[in-house]
Amino acid sequence: SQQGEEDPQALSIQEGENATMNCSYKTSINNLQWYRQNSGRGLVHLILIRSNEREKHSGRLRVTLDTSKKSSSLLITASRAADTASYFCATAGGAQKLVFGQGTRLTINP
Amino acid sequence: KAGVTQTPRYLIKTRGQQVTLSCSPISGHRSVSWYQQTPGQGLQFLFEYFSETQRNKGNFPGRFSGRQFSNSRSEMNVSTLELGDSALYLCASNPRSEKETQYFGPGTRLLVL
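Here the protein sequences come in this chain order: A and B. Per my numbering: the first sequence = residues 1 to 110. Per my numbering: the second sequence = residues 1 to 113.
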């Protein structure tokens with residue numbers, strides 16, 4: 001079973017708008033990571049946030065982590081057509097493996 | 001540095017056959033992990049190798065196996081293929097750990113007929 005659950009499963013917005021995706025998980029973690037996957041291709045690492053961090057930025061990306069609620073959010077500002085992809089959160093905890101959620105499919109409309 | 005490479009990129013096999021997939025990690029990366037991605041089950045961890053030793057294993061049957069060579073290149077093998085093995089198989093590498101940032105290859109798409 002998946003550790004992370006992304007919400008929403010699919011999101012469609014207009015170019016230039018902000019996109020927010022959420023991830024909830026069940027057990028304690030060491031870090032939480034976000035990845036992007038363009039249709040049927042390999043995953044690209046976007047950002048890693050550790051359990052003792054609350055917020056992290058990378059370019060147009062902003063990630064927050066609330067360990068008390070066991071949730072994280074990924075915000076993409078000023079979206080572009082090239083941001084169209086699936087986004088996955090992955091958690092690393094006590095289990096010796098990275099566990100991925102089911103992903104959010106983001107579509108940016110021109 | 002060159003990225004993670006996987007060969008072949010596409011493969012068609014029939015039920016009962018076996019298949020071997022190959023992965024070359026980023027130079028200097030000693031941890032290599034394999035994942036299976038399907039529309040129904042999503043991304044699932046298969047196993048991780050570090051310095052030629054299997055360090056972690058996911059919940060897959062024994063038909064799925066792997067190995068790692070001294071140059072960190074890794075192969076995974078699936079024997080007695082089933083229709084449900086059709087998937088995108090992804091390889092990822094990291095200098096030390098499968099729990100830190102993973103650098104993924106483009107994947108091998110396997111279709112079992």
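Calculated from the structure, these hints are not laboratory results. It should be emphasised that the depicted structure is a prediction, and the values quoted were computed from it without experimental measurement. Take the hints with a grain of salt, since some may be wrong.
Using 27 Å as the maximum straight-line C-alpha spacing, the simulated BS3-like pairs for lysine-lysine come out as follows [to be verified]:
1) LYS13/B with LYS26/A
2) LYS57/B with LYS13/B
3) LYS26/A with LYS70/A
4) LYS57/B with LYS70/A
5) LYS26/A with LYS56/A
6) LYS70/A with LYS56/A
How the hints compare with the structure:
Of the supplied pair hints, the one linking LYS13/B and LYS26/A is violated, its CA atoms being roughly 38 Å apart against a limit of 27 Å. At most 27 Å may separate the alpha-carbon atoms for a hinted pair to count; LYS57/B and LYS13/B meet this at roughly 25 Å. For the hint linking LYS26/A to LYS70/A, the alpha-carbon distance of about 7 Å falls within 27 Å, and the restraint holds. A C-alpha spacing of about 25 Å is found between LYS57/B and LYS70/A, which places the hinted pair at or below 27 Å, so the restraint holds.
With a C-alpha separation of about 21 Å, the suggested pair LYS26/A and LYS56/A falls inside the 27 Å cut-off, and the hint holds. Distance check on the hinted pair: LYS70/A and LYS56/A sit about 16 Å apart at the alpha-carbon level, within 27 Å; holds.
Hint 1 from the earlier list is the only one contradicted by this structure; the remaining hints agree with it.
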